[in-house]
Amino acid sequence: MSLAAPNEVVTKALLRLVDVPGLDRPAALITLDNGFDHKKPNTLGPGGLTSLDEAITAAHAAKPAFIAVTGKPYIFCVGADLTGLPLLTDRAQALEIGQLGHRVFARLRDSGVPTFAFVNGAAMGGGLELALHCHYRTLSAGAAALALPEVSLGIVPGWGGTQLLPNLVGIPAATQVIIQNPLMQNKMLKPKQAAEMGLADVLLEPADFLERSLEWAAGVIRGEHTVTRPEVDREMWDGVLFFAKQTLDARLHGAVPSANRALELLGLAKETDFATGTAAEDEALADLIFSSELRSGLYAFDLVQRRAKRPAGAPDRDLARPVTKVGIVGAGLMASQLALLFARRLQVPVVLTDLDQARVDKGVAYVHEQIEKSVSKGRMDKGTAARLYGLVSGSVDKSVFADADFVIEAVFEDLNVKKQVWAELEKIVAPEAVLATNTSSLSVTAMAEGLEHPERVVGFHFFNPVAVLPLLEIVRGEQTDDATLATAFAVGKQLKKSSVLVKDAPAFVVNRLLTRFLGTVFAAVDAGTPLEVANNALDPLGLPMRPLALLQLVGPAVAHHVGGILHAAFPDRFGVSENLKRIAEAGKPIVVDDEINAEVADLLVVGDQPLTAEQVRQNALDALAQEIRLMLDEGVVAEAQDIDLCLILGAGWPFHLGGVTPYLDRTGTTERVTGKRFLPAGVASLPA
Amino acid sequence: MPREVRDVVFVDGVRTPFGKAGGMYANTRADDLVIRCIRELLRRNPQLPPERVEEVAVAATTQIGDQGLTIGRTAALLAGLPKTVPGFAIDRMCAGAMTAVTTVAGGIAMGAYDVAIAGGVEHMGRHPMGEGVDPNPRIIAERLVDQSALVMGATAENLHDRVPHITKERTDAFALASQQKTAKAYANGKLQDDLVPVAVRDPETGWGLATVDEAPRDTSMEKLAALKTPFRPHGKVTAGNAAGLNDGATASLLVAEETARELGLPVAMRLVSYGFVGVEPEVMGVGPIPSTEKALRIAGLTIDDIGLFELNEAFAVQVLAFLDHFGIADDDPRVNPWGGAIAIGHPLASSGVRLMTQLARHFAEHPEVRYGLTAMCIGIGMGGTVIWENPHWEGEAK
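Note that the protein sequences, when read in sequence, are chains A and B.
Per our numbering, the first sequence starts with residue 1, numbered consecutively.
Per our numbering, the second sequence starts with residue 1001, numbered consecutively.
It should be emphasised that the hints constitute simulated quantities derived from the structure, not laboratory data.
Treat the hints with care, since some could be wrong.
Unchecked claim - Computed cross-link-like contacts, DSSO-like style, restricted to lysine-lysine with a CA-CA straight-line distance of at most 30 Å:
1. A:Lys382 - B:Lys1184
2. B:Lys1184 - A:Lys63
3. A:Lys192 - B:Lys1083
4. B:Lys1083 - A:Lys373
5. B:Lys1190 - A:Lys63
6. A:Lys187 - A:Lys377
As the list claims (entries may be wrong) - Derived DEER-like restraints, expressed as beta-carbon distance ranges:
7. B:Pro1049 - A:Gln357: 49 to 59 Å
8. B:Val1005 - A:Gln193: 20 to 30 Å
9. A:Ala549 - B:Thr1070: 39 to 49 Å
10. B:Thr1070 - A:Asp361: 52 to 62 Å
11. A:Lys377 - B:Ala1364: 36 to 46 Å
12. B:Glu1365 - A:Phe274: 54 to 64 Å
13. B:Leu1078 - A:Lys39: 14 to 24 Å
14. A:Ala549 - B:Thr1205: 55 to 65 Å
15. B:Glu1204 - A:Asp24: 20 to 30 Å
16. A:Gly390 - B:Pro1046: 42 to 52 Å
This structure is a prediction, so every number in the text was calculated from the model and none was measured.
By construction, the Cβ of each residue, glycine as well, lies at the ideal position given by its N, Cα and C atoms.
Required output: the full structure, derived from the provided sequences and hints.
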């Protein structure tokens, strides 16, 4: 076998012949088990596939009543072993990976002996495709999730998924599972949904899942159960795919090749025979494995899975101090969102304060409404709700902070206001209480100046919407000590956020880059580029939203404010756009129903030197490359990887760009602008 | 306030196949075994709405780890019974499940509830006998009980001393017959219906399914004679003429007779009487003799009224002492017709319900029999007996 995968954790296919009551011959039960507990789930690499191949051969030799495949506790199989992919050096090897999986799995589909998948736990990617090859499927109602997430990484389900799924559950559901869900923050199916969709023939309770599965299989063999599956509607096939393609193009503008390839394969599945369909999967998989987008996707996946969990530069976690009560200064929308988040995740008392009782009441009422909503939607049980009601309170008197260990402010973005808040608080709280600021652009160091204990001030910058975006920029001021920083990281982890350590530099990472980026777009508009052209210029990147939509989300006033701060810090690179100022002052919606608001367009005063879309794009990318290089040189973050992590988690920048530095590298932008790459060739790109 | 005592019936009973300690259940939790039994009982009796179950009594001798945490309650929750169904843990060593049955029967009879599940579990592989025990030093200091009383095999040797006419050959012959009766019962499909298949996982070989008892073995008088006597040099008690160390669980459904009729649940046995009696701990094996006398007395019956016996075979010698006492032949066909614990196994606290489940099956096959009894000896010197009436009795012979 040429598919060496030196790091493969081999999932063994363990065969046991099992006597099942009611059958006169034993059943062949194959357990997939990599020898670790559920925290290291089963995956399939060349070694695992070979083991499965051998187990199927041995199973047939025993002339069993049926062959069934199941998993280890909680895990069926979560797909192909990805660790070997970046090591592949030629396309033929990539082709072979697809072919090997197809060949082994096909033995379950072509078997003369009935085959069953007992999907006892999480089944994703190649694991789910394995199950799809079996003649019948039982599914545990306790399985954590089912999904075909390949497209999100930059590949396609390449072991039969694109051909089998639509012919089992119909094209609308298959398109949802293979294309739409992976591109919606990798949404997965719950067992009940999967069963309703027709992915499994029977949904069984987890308590005796395997016993009932064996019994059900024996019933099928004896002819006691007839399995009927609804006929797949072929009339709608082309229409569904046409609509899916339109939706995809409107969102991603062709920037995600894996999605397009998956759509083509789903199209083939309508009438093409299985062998031709799977051969097309092999080709698509091989092409995509050798695409830059996949290499960036694997890099991004690793950042999110690993680096996000062990933040670079974070101090020893043992230094963290316990947090038993949280204070929140301000009771506006941001403060209220923070109160709910802290109460839910830390399960400690959270007190909101503001200038007057009305604001405080409004803030607490907001939290209570959110809790009620969660309960009414069935997302929270009454016991948890009762606990949270009790945890969140408000007061106009800041003395309620006296026993808080962690106070975060979310007041107006003005240095003097914030300094005043801290000065006042320092008289109330204990000397070790952490004072955290949710500032998006002000200097943490400046904010701590003049305090008796400046070492306990730290930046704690969330991204809007707080409940959705997982990034937390933790900002170390010049005097911030390790215990404070460790406490901030510990709290971030409890909040289930991914924290990145950032130096106290203007606007930190995400806002600085987005501002620079938007700045080039507005500079183009100011120069006379039509708003439409400038707004669409970045479409080929497949970003989550166009510049004007982003501006609307952030709020023109906030963008203008942050822009001003960055302009003051770096006037040569961050200009002030008069047009942005006009938009901010007008306070009108910029984008309405995906169309630019004509009233806003009319506000603009523009020059007579329009740029082409290509020029706008190049300016934007050049500016990003330059700014990232400067940030790395300034030591704003430890490495380029942290920049990418921030953009992925804080701005939703896509995997296929790898955040952004892999994309800037592979387009040659980085070398042209800064003289050298951000990442060595091969790290997030094809081998040199 | 005046009240009537209500009749209590045994509706159904199931058990897991019994394993050998360190055998097929080596990687299976004890609570999972009894949960399987509870779920199977509910499944076999779909007429019973789960919320009508009002008590779950589960016995275990060693109530530690997966046999701890008030196992009757936790097993009920994990089996998927409604949260409103209460449960408790119970312990009377080998008679745990028997005591679970008599306790809930008492509750039903006095009207505290109508439907209860009673069962037991013992995973002797995960929880060896004597795990975590801390006997009071006064037991030795004040010579309250001989130290041998805490080692069951030693009590069986002590019993041999008291009944010297029961020879080792007789115990071996009884043991061999037990194995042969069990093998025949399996061959005739008598035991299979009581069994709940259990999925068992081995990290090295994957998932399997336990469908038969692991302990029964093919043996002979010669082989039995050659076994060691681990409890005494030149003793009489061997691994061959005693029950082994086993893993397994049982569960049964006890219901007020009027409720069984209301819900359309089948009546397999009607409870007549029960008795528990203490004896000298050093010879705990004689326990079933006085407990049977007590149960008979309460029922107003004599031993001659009993048409079927399910006696727990902890040791061949204690069964033979019982039979001798009541003048019953070693090979009387009324006694353990399908063999007993020597062949099938004896996962301590679970065994009582196995005896009842098997007696219920005999009743169905023997409408000529009116009364049967289940009895067992118990550690620290006790015996327990439950007398049952056959609802299928046709009134001819007694």
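Verification of the supplied hints:
1. A:Lys382 - B:Lys1184: Distance of about 57 Å is beyond 30 Å: violated.
2. B:Lys1184 - A:Lys63: holds (29 Å)
3. A:Lys192 - B:Lys1083: holds (22 Å)
4. B:Lys1083 - A:Lys373: Status holds; Cα separation ~26 Å.
5. B:Lys1190 - A:Lys63: The given pair, whose Cα atoms are some 28 Å apart, holds under the 30 Å limit.
6. A:Lys187 - A:Lys377: Distance of about 19 Å is within 30 Å: holds.
7. B:Pro1049 - A:Gln357: 49 to 59 Å: holds (53 Å)
8. B:Val1005 - A:Gln193: 20 to 30 Å: violated (53 Å)
9. A:Ala549 - B:Thr1070: 39 to 49 Å: Roughly 57 Å apart at Cβ, these two residues miss the hinted range, so it is violated.
10. B:Thr1070 - A:Asp361: 52 to 62 Å: This hint is violated: roughly 45 Å between Cβ atoms.
11. A:Lys377 - B:Ala1364: 36 to 46 Å: violated (53 Å)
12. B:Glu1365 - A:Phe274: 54 to 64 Å: holds (55 Å)
13. B:Leu1078 - A:Lys39: 14 to 24 Å: Holds, at about 22 Å.
14. A:Ala549 - B:Thr1205: 55 to 65 Å: holds (57 Å)
15. B:Glu1204 - A:Asp24: 20 to 30 Å: The hinted range 20 to 30 Å holds for B:Glu1204 and A:Asp24, with Cβ atoms some 28 Å apart.
16. A:Gly390 - B:Pro1046: 42 to 52 Å: Hint holds: Cβ distance 43 Å, inside 42 to 52 Å.
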